[in-house]
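Q: What follows is each chain in one-letter form.
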Amino acid sequence: MSITIDGKELEFTPGQTVYEVAKANGIYIPVLCHHEQLKPVGACRVCVVEVEKARSLVASCAMPAENGMIVYTNTERVLQARKLAVELLMTQGHHNCITCENSGDCVLQDLAYSLGIEAPRFSEPKEIKALEQANEMIVRDMNKCVLCGLCVRACNEIQVNQVLDYTGRGPTAAVGPAFGNLYENSDCVFCGECVRICPVGALFEKQGRFQGRADDLDKVRTTCAYCGVGCQMDVNVKNGKIVKITTPREDAPAPNFGSLCIKGRFGYDFEGHADRLTTPLIRKDGELKEASWDEAILYVAEKLNAIKKNSGPDAVAGFSSARCTNEENYLFQKFLRAVIGTNNVDHCARL
Amino acid sequence: MTNSISDLGESDCYLITGTNTTENHPVIATFIKRAVTQKGAKLILVDPRNIDLARYATVWLRQKPGTDIAWLNGMMNVIITEGLADEKFIAERTENFDALKATVSKYTPEYVEEISGISAADLKAAARLYAGANAAAIVYAMGITQHITGTDNVKSCANLAMLTGNIGRPGTGVNPLRGQNNVQGACDMACLPGNLPAYKKVGEAADRKPFEDAWGVKLPEKAGLTIPKILDGAAHGTVKALYVMGENPMMSDPDITHVEKALKNLDLLVVQDIFLNETAELADVVLPTASWAEKEGTYTNTERRVQLIRKAVEAPGQAKPDWEVITMLANKLGAGWKYDSARDILNEINKVTVSYAGISYDRLEKNSLQWPCPNTEHPGTPILHTAAFTRGKGLFSVCEHIPAAELPDDEYPFLLTTGRILYQYHTATMSRRSKGLVSRTPEAFIELNPSDARNLGVSQGDKLEISSRRGSIEVVAEVNDRCEQGVVFIPFHYSEAAVNRLTNPAIDPVANIPEYKVSAVKIKRVA
Chain A
1 MSITIDGKEL
11 EFTPGQTVYE
21 VAKANGIYIP
31 VLCHHEQLKP
41 VGACRVCVVE
51 VEKARSLVAS
61 CAMPAENGMI
71 VYTNTERVLQ
81 ARKLAVELLM
91 TQGHHNCITC
101 ENSGDCVLQD
111 LAYSLGIEAP
121 RFSEPKEIKA
131 LEQANEMIVR
141 DMNKCVLCGL
151 CVRACNEIQV
161 NQVLDYTGRG
171 PTAAVGPAFG
181 NLYENSDCVF
191 CGECVRICPV
201 GALFEKQGRF
211 QGRADDLDKV
221 RTTCAYCGVG
231 CQMDVNVKNG
241 KIVKITTPRE
251 DAPAPNFGSL
261 CIKGRFGYDF
271 EGHADRLTTP
281 LIRKDGELKE
291 ASWDEAILYV
301 AEKLNAIKKN
311 SGPDAVAGFS
321 SARCTNEENY
331 LFQKFLRAVI
341 GTNNVDHCAR
351 L
Chain B
1 MTNSISDLGE
11 SDCYLITGTN
21 TTENHPVIAT
31 FIKRAVTQKG
41 AKLILVDPRN
51 IDLARYATVW
61 LRQKPGTDIA
71 WLNGMMNVII
81 TEGLADEKFI
91 AERTENFDAL
101 KATVSKYTPE
111 YVEEISGISA
121 ADLKAAARLY
131 AGANAAAIVY
141 AMGITQHITG
151 TDNVKSCANL
161 AMLTGNIGRP
171 GTGVNPLRGQ
181 NNVQGACDMA
191 CLPGNLPAYK
201 KVGEAADRKP
211 FEDAWGVKLP
221 EKAGLTIPKI
231 LDGAAHGTVK
241 ALYVMGENPM
251 MSDPDITHVE
261 KALKNLDLLV
271 VQDIFLNETA
281 ELADVVLPTA
291 SWAEKEGTYT
301 NTERRVQLIR
311 KAVEAPGQAK
321 PDWEVITMLA
331 NKLGAGWKYD
341 SARDILNEIN
351 KVTVSYAGIS
361 YDRLEKNSLQ
371 WPCPNTEHPG
381 TPILHTAAFT
391 RGKGLFSVCE
401 HIPAAELPDD
411 EYPFLLTTGR
421 ILYQYHTATM
431 SRRSKGLVSR
441 TPEAFIELNP
451 SDARNLGVSQ
461 GDKLEISSRR
471 GSIEVVAEVN
481 DRCEQGVVFI
491 PFHYSEAAVN
501 RLTNPAIDPV
511 ANIPEYKVSA
521 VKIKRVA
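As they're listed, the protein sequences go chains A and B. Taking the numbering used here, the leading residue of the first sequence gets 1, the next gets one more, and so forth. Taking the numbering used here, the leading residue of the second sequence gets 1, the next gets one more, and so forth.
Just so you know, these hints were derived from the structure itself, not from any lab. Possibly wrong hints are sitting among the right ones.
[To be verified] Take a look, some chain A residues computed to stay more than 10 Å from chain B by CB distance:
(1) Val58
(2) Glu157
(3) Gly168
(4) Gly230
(5) Pro248
(6) Ile297
(7) Ile307
(8) Glu327
[Said to hold, decoys possible] Residues from chain B shown here face chain A by an in silico Cβ test under 10 Å; the list is partial:
(9) Lys222
(10) Ile227
(11) Lys295
(12) Thr300
(13) Leu308
[To be verified] Far from chain B, some chain A residues (derived; all Cβ distances over 12 Å):
(14) Glu9
(15) Lys23
(16) Pro30
(17) Glu36
(18) Arg45
(19) Leu79
(20) Asp110
(21) Ile138
(22) Gly170
(23) Ala254
(24) Ser259
(25) Leu336
(26) Arg350
Beta carbons are placed, not taken as given, at the ideal position from N, Cα and C, and that holds for glycine.
Hey, can you work out the whole structure from these sequences and the hints?
A: Given below as structure tokens:
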């Protein structure tokens, strides 16, 4: 089975869409409302291509490849249609990139730029909607929503939380929780999948607001510090501070494939909390007093030595940690067994 | 887990018990919810609480807390009686089937109904669903293990999987969901009193030998003490020094009043942590450490997948990574350790830990790997027990129902069960210092059935005093239908209302896991 895209004959497996065949073969077709983890809907028309013998342009993300199909991704007709689609998306709301959190990480911005749209031909709506900032985690700026429906589909198809849906028709169409509720007052569990998948600046992390945008941020890939699922995530850092936690929009790795929960995505701010311990403490006269590392280590070493000498190694015990790394747990038990000489080592696996 | 997380998406039937998955492993829950809503997979939920997954369940069995062996044996009774067992698998891969058959024969659905409250018809339906599936996965968490019969509860799950051949293939398996980022790794690395890394035994000379050679010392032969026994030892004065790295027993252990007495009786309590937690407040020495974002190393997740953590920011003040602190202390005691990085330590782990031998730092920088991974060419092991079990043949264990250690009576009429909620995490040292998480669940509460609330004259939001034989706490009433009449639930995250002041320290005789899931309490309205 093969199709021809831009003059190249390409093999495909039945069930693949034109977009998927193109992507697999390094042929670029832009998409906006499409996502690899979601069922295609072909709503935004950004991915249109010309197919020989077809009556009109077709949405490549939703069009199954058929044997012998001949496709063009870059004709003048395609580019004009794509441009029109993007202009219409741009004029659906107010896309003020100057202070937009997602500037530099925005599908619409990239499309407008790459299609050379200096200013859309149509006028923006007059109404400016207030931001939803009622909760501590997610800000919603519906002025920037392009109604691609990715958040709705991610909430229902990926997380299966069934909180977001479409409401209204025509100019009153919107996405959000039932009855126009705030996230805060809905059944939303703040997994943030909608934030991850939003292709524009309509949904973003509240704590990271005005703290740094894509170009300023270093992303450090790491593993979540909470439960045992081991989700892969990117810690976004600017000036030595964590600005937000994100996951890749596409091609995200196992085990979580880009999904997180509220703890993983929004529960990171304990790291920079004022309560963090910053110096060793030794109890003197009943109170914990600041000490140097040398003092603290010497104090512990001398005490452990004395107890071991007077009462034997089994008078010493250690609780290790399911929070610490393998390397730290390995050293901890090696310390108790090989240095102290006791097997009195356990951790909170049961708790 | 015998299987992998992705693998859960391949099941056509789930038996989910003792895990409130959408709250405690939300991302794993998405795999299950997708399979049920998008692929038509069946879901058998066995849980005393009306948790979110009940909405997705094909059948929901609501057992009385502490009756898991009874219903598991009951399901096996139905499967054997109705000829639904996988005889080929039993013959080829297992032993001791006759003993199992004899034991479960008395657990008829009617007998199980008397013990567990699960209707005979529902139990039969569940047994048929599970046994009739092509690939059925058992998924459980602490709701199965935190009982005085925790070990036998787990063995019963294994019995059920073997009875139906639901192990060693994609979408099957016995899959415990581990509650902390590296609880699997801490076990693998032998922070357990009877083990050396990769589950070698301290009591076996042949197991000790490679470690004695590698570490250049003679190692102690006698198994050490588990956490509850260490605390008992401290209370009795036989344990004099306790070194706590990244734990908080003043919140996480049962009967905190006893824990406090034990810790105060020590000659030396060292606490190494990122915060001055409730345990550190009692310490003689507190050592500040780096958090997960401030150091390098590896964690092993619930599916045995070893993954890197990477340093993103600097630790505050003088805080250091835990491995550096232990190395400093070991060297002060003359150990002569030379570790300059997490990579150095993993190199040593690769040499002495068979299942981690092929999991090098270089490989992890490209891809995560699931143990066992015995050499650097090995791709890792997504599914265990595909051709044989670790011991050869799978052993059917004989497990009998035993009632929980403390059941409600006239004085303490409610059954208390404890656990976690979505918006908080374990002893909450991290999650209660996160703005977003705190905003969702600022205070401690008790889930109370509307009928019980009415009988007690309690309304939503009332302040209640909850008491057990060991202590009392004050919490706010959350009246809903999650618990059935006579059962109440309190999460253990809140230090000002630490539910482990109430819990029963009775433990499973083998694993020494405390019975957090069942204790008896009384309830009084305060305001």
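Q: Please check whether lysine 295/B passes as an interface residue: C-beta within 10 Å of a C-beta belonging to chain A.
A: It holds, given that the least Cβ distance between lysine 295/B and chain A is near 7 Å, below 10 Å.
Q: Against chain B, does isoleucine 297/A hold up as non-interface, every C-beta pair farther apart than 10 Å?
A: Nearest chain B Cβ is 5 Å from isoleucine 297/A, so the label is violated.
Q: Non-interface claim for proline 248/A: all C-beta distances to chain B beyond 10 Å?
A: Answer for proline 248/A: holds, closest chain B Cβ roughly 15 Å.
Q: Closer than 10 Å between Cβ atoms is the bar; does threonine 300/B clear it against chain A? Give me holds or violated.
A: Cβ of threonine 300/B sits 6 Å from chain A, so the hint holds.
Q: Are all C-beta atoms of chain B more than 10 Å from that of glutamate 327/A?
A: 4 Å, violated
Q: Regarding the assertion that glutamate 9/A does not contact chain B, is the least Cβ-Cβ distance greater than 12 Å?
A: 33 Å, holds
Q: Is the Cβ of arginine 350/A farther than 12 Å from every Cβ of chain B?
A: Given a closest Cβ separation of 4 Å, the condition is violated.
Q: Less than 10 Å between beta-carbons is the criterion; does lysine 222/B satisfy it with respect to chain A?
A: Lysine 222/B check passes; min Cβ-Cβ to chain A is 7 Å, inside 10 Å.
Q: Over 12 Å from every CB of chain B: does serine 259/A meet that, or does the non-interface label fail?
A: 5 Å, violated
Q: Is the shortest C-beta separation between leucine 308/B and chain A less than 10 Å?
A: With a minimum Cβ separation of about 7 Å from chain A (threshold 10 Å), the hint on leucine 308/B holds.
Q: Confirm or reject the statement that arginine 45/A sits farther than 12 Å, beta carbon to beta carbon, from all of chain B.
A: 26 Å, holds
Q: Classify the label on proline 30/A as holds or violated, using whether its beta-carbon is more than 12 Å from each beta-carbon of chain B.
A: 27 Å, holds
In terms of the numbered hints stated before, the structure departs from hints 2, 4, 6, 7, 8, 21, 23, 24, 25 and 26, listed from lowest to highest.
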